[in-house]
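Join these two chains into a complex; the hints should help.
Respectively, the protein sequence lines represent chains A and B.
Count along the first sequence starting at 1, add 1144, and that's the number in our numbering.
Count along the second sequence starting at 1, add 27, and that's the number in our numbering.
A portion of the hints provided could be inaccurate.
As the list claims (entries may be wrong) - To spell it out: a stretch of chain B is covered by chain A in this simulated footprint if at least three of its residues, at any positions, have a beta carbon under 8 angstroms from a beta carbon of chain A; those stretches are: (1) 84-90; (2) 130-136.
Said to hold, decoys possible - Taking CB as the label site, the calculated pair distances span: (3) B/GLU225 - A/HIS1263: 54 to 64 angstroms; (4) B/GLY75 - A/ARG1336: 33 to 43 angstroms; (5) A/ASP1240 - B/PRO73: 47 to 57 angstroms; (6) B/SER39 - A/LEU1201: 39 to 49 angstroms; (7) A/GLN1367 - B/ASN149: 34 to 44 angstroms.
Rather than coming from a laboratory, the hints here were simulated on the basis of the structure.
A virtual CB, placed ideally from N, CA and C, is assigned to each residue, including glycine.
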Amino acid sequence: MLTDAPLLEAKTVSLRFGRIAALDEVSIQVWPGEVLAVVGESGSGKTTLLRVLHGDLSPDAGQVLYAGRDIHAMAAPDRKWLARNEWGFVHQNPRDGLRMAVSAGGNIGERLMAAGARHWGNIRAAAIEWLARVEIPEDRIDDPPRKFSGGMQQRLQIARVLVMGPRIVFMDEPTGGLDVSVQARLLDLIRRLTHELGLASVIVTHDLAVARLLADRTVVMQQGRVVEQGLTDQVLDDPHHAYTQLLVSSVLQA
Amino acid sequence: MSLPAIEVEGLSKVFTLHLQGGSRLPVLRGAALAVLPGECVALTGPSGAGKSTLMRTLYGNYLPQAGRIVLRANGTEVDILAAGPRAVAALRRGTIGYVSQFLRVIPRVSARDVVADPLRANGVAEAEAQARADALLARLNIPERLRRIPPATFSGGEQQRVNIARGLAWPYPVLLLDEPTASLDPANRDIVVAMINEAKARGAAIVGIFHDVEVRARVADREHAVAPLAEAA
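So here's chain B without its partners, still in its complex pose (with noise of 0.2 angstroms):
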C-alpha cells in the first residue's frame, strides 16, 4: 500500500475581487502535497501563508485554478477538480472527513443528530446511528442533558467538541482537521489526540492544522510547510 491517499499536484488558486476593482489575490501556486493512508500531515506556515485555503481546497469548498487533487480510497481513485460537484458531494458522504473551526449549527437540529447524520448518510440504521453518536459526545465529555438540544446556545468548546464528534463519525479514508483543539481544555484536549491516532492507526490519511505545537507532535507524522506568495504586482 505504498500509494498516496491524497494527492496534490500543480494546484494554483487566485482570488480575485471583483468588488475591489477586480484585484487579484494569488494564495496557492503550483502546490503539491502527498499523504499515504495512516499518516497526518501538519500544515505549518504564519497566518494568511494558505494553510486553510489548500484545506478548504481538498474539501472542494474553494474551486482552484489549476491543479490535480487526486483522492485514493475505497478502491477507487477520483480527481476532484475534473469530477465535478456531484462527484465531490458524493466523496463528502463516505471519503472525506472536515472538521471546520466552527460548527455550523442548524436551526431545531440537536446535537445528537448533528453527529449521527454522517451514519445516517452512510446507511447505518436509525437507532445504530443515535448509539453511536451517543457514545462519541460521552467519550468527548457532553453530558446527556446537552445532546438532546442543538448545539447553537453551547460554549466554544463544546461547539467544537459536537465538530470533531461529527467529523469523526464515520471512518473516513480522508481527514481534514482545521484546528481541531484549539478551544478545548488539557483533557478534553487528550481526548482528540487519542481520537486522532486512532484514525490514523485504521489507516486514515489525515492533514491537520494545529497551532499547538505539543499536540501537532503528539498526532503529525511530518510538517508541510506552506509559505505566503509574494503579493502580486
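The following block holds chain A by itself, in its conformation from the complex (with noise of 0.2 angstroms):
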C-alpha cells in the first residue's frame, strides 16, 4: 500500500543567490492525496522551494522530478503545459493570481475556455459550481474581484486553479495578508476540497497552526536546508532539531 511512487519529489536541489545559499541540498517527497506543510522563517528558504518545485525557478544542482520525469530537463513548453494543466498555484496575493478587472465567473471561466471549452453554458455552470464550493454568492458572478473582499479574492483564487483539476497544488502563504476570522474559514475550505478531491499540495507556511490544520506532514526549512521532517503533529509535539523546538516555543497560546 506504500510501495506507490511520489508524484512530486526533489532530489538533493540546491540553489545560491550569490553568495547565499536559498537551497542547499533539499529532498523532499510528495505523495498523491497527501498535504505536505514547508515551514520557516523569512529567509529560510521556503518559497525558493516552491518556485523551484513548480518550475519557476531552475536549481544549480539536483533534480525536480514530477511523475518521475525531470521538470527542469524538459523542454520548456512541456513544462508550461503540466503547469497549465496538472498543477496549480495559489499566490498569498489574490492580486497574483487572479485577473482584477475580469468579472469572478471569467476569472474561473476564462481557464477552462484557454483549456479548450467552448459551450458558454457549461463554462457558466462551471463557474456557478465553483462559487458555490468556495461559498461566494451566485449573484457576485459578474462582479471583478476588485469589488470583492480579501477573504473572497482568496476563496475565487482558489476557484480559478481548482476549476482546472490540478494533481498538485502549490500554495504560497495562502491565508497570510488576512484577518484571523477570515482565516478560519479559507483554512477549513483548503482542507475540505484537499480532502474531497484527493488533491497533493504543498503549502508554504510561517505559521505553525496553518500547518497542524491542514498538513499530513510537515518539512522544517532554515538556512536553505530541511532540518527536520516528519508527521505534522511528532514535528511539532515532539520537535528534535533546536530550530523547530525555538519555532514551536515561540507560538503564543491563545
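Shown next as C-alpha cells:
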C-alpha cells in the first residue's frame, strides 16, 4: 500500500543567490492525496523551494521529478503544459493569481476556455458550481474581484486554480494577508477541498497552526536546509532539532 | 491467536531540550510491553513517570531514539518505528485509535463531523457515517442541537465525550486511551466503561491510563507499572 511512487520529488536540490545558499541539498517527496507543509521563518528558503518545485526557478544542482520526469530538464513548452493542466499555484496575494478587471465568473471560465471548453452554458455552469464550492454567492458572478473582500478574493483564486482539476497544488502563505476570522474559513475550505478532491499539495507557511490544521506531514527549513521532517503532530509535539524547538516554543498559546 | 497485537521492546525516549542548553531528559529506557487482542492493560505510576510519553510513542506522536513497536492487526505486522511517517499515517487511519485527554477543535467542523471523520476515512458512505456518528453521540448523551455545532464552546465533559466517540467510531484493533473518563459524571462514566468493554469483546488490544481506580478495575485485565527514571547526571 505504501510502495507507490511520489508524485513530486526534489532530489538534493541546491540554488545559490550570489553568496547565499537559498537551497542547500533539499530533498523532499510528496505523494498523491497528501498535504505537505513547508515551515520556517522568512529567509529560510521555503518560498524559493516552492518556486523551484513549480518550475519557475531552475536549481543549480539536483533534480525535481514530477511523475518521474525531471521538470527542469524537459522542454519549456512541456513544463508550461504541466503548469497549466496538472499543477495549480495559489499566491499569497490574490492579485497575483486573479485578473482583477475580469468578472468572478470570467476568472474561473477563462481557464476552462484556454483549455478548450467552448460551450458557454457549460462554462457558466462550472463557474457557478465553483463559486458555490468556495462560498461566494452566485449573484456576485458578474462582479470583478476588485469589488471583493480579501478573503473572498482568495477563495476566488482557489476556485480559479481548482476548476482545472490539478493533480498537485502549490500554495504560498495562502492565508497570509487575511484577518484571523477570515483565515479560519479559508483554512476549513482548503482542508475540505483537498480531502474531497484527493489533491496533493505543498503549502508554504510560517504559521505552525496552519501546518497543524492542514498538513499530513511537515518539513522544517532553516537557512536553505531541511532540518527536520515527519508527521505534522510529531514534528510539532516532539521537535528534535533546536530550530524547530525554537519555532514551536515561540508560538503564543491563545 | 497468541501473538500480541502490540509488542514493545527496548523502547528508549530522551528529550533533548535545546533551548535549555541541550539538557537531556530521559523518560523511557528499555521499556517493554505486550498486549494481546481483547486485552486491556492499564499503565500505572506517578505523574511524570512516562505513562503519557509511552502512549504518545505508541501513536507515533513522539519519536523514540531506540526500540521496536510492532503492531499486528488486519493480517499484517508493522514495526512503526522502522516503517516511517507515511506508514504511521496509514495505521492511524484503520488500525490505531487514540483518545487523547483533550479534543483538538477544528474551526467550523461540527461535533457530528468530528466523529464521522474516521468512518469516512475508512470508506464508509457519507449518510451512514453521519448516522453512526449520530448514534454514538446520542449514546454518550450529546444532545442533537450540540451535534450540529463545532465543539469549541462545549464543556470539558462534553468535549471529552466527543473525543471518545471519535476514538471508538471505527473498530480499531488497537486502542490507546489517555484518561478517557477524567471529566465525566458517573452516568457517562458507566457508558464509557461499557463501550471500552465492548471494544475488548470484539478483540481490540487496549492500552490505557485510568487514574480512577474503580474504572481501572472495571476495564483493565492487568496493570503495567511505568517507573520514573533516575534524574540524568
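Results of checking the hints against the structure:
Check on the stretch 84-90 of chain B: 4 of its residues sit with their Cβ under 8 angstroms from a Cβ of chain A, so the three-residue criterion for coverage holds. With 4 residues carrying a beta carbon less than 8 angstroms from a beta carbon of chain A, the stretch 130-136 of chain B meets the three-residue requirement, and the given coverage holds. As the Cβ distance of B/GLU225 to A/HIS1263 is approximately 55 angstroms, the hint placing it in 54 to 64 angstroms holds. For the pair B/GLY75 and A/ARG1336, the beta carbons lie near 39 angstroms from each other, so the given range of 33 to 43 angstroms is met.
Distance hint check for A/ASP1240 and B/PRO73: the Cβ-Cβ separation is about 56 angstroms, which falls inside the suggested range of 47 to 57 angstroms. For the pair B/SER39 and A/LEU1201, the supplied restraint of 39 to 49 angstroms holds, since their beta-carbon distance comes to about 43 angstroms. Between A/GLN1367 and B/ASN149 the CB atoms are about 41 angstroms apart, so this pair conforms to the stated range of 34 to 44 angstroms.
In summary, the structure agrees with every hint in the numbered list given earlier.
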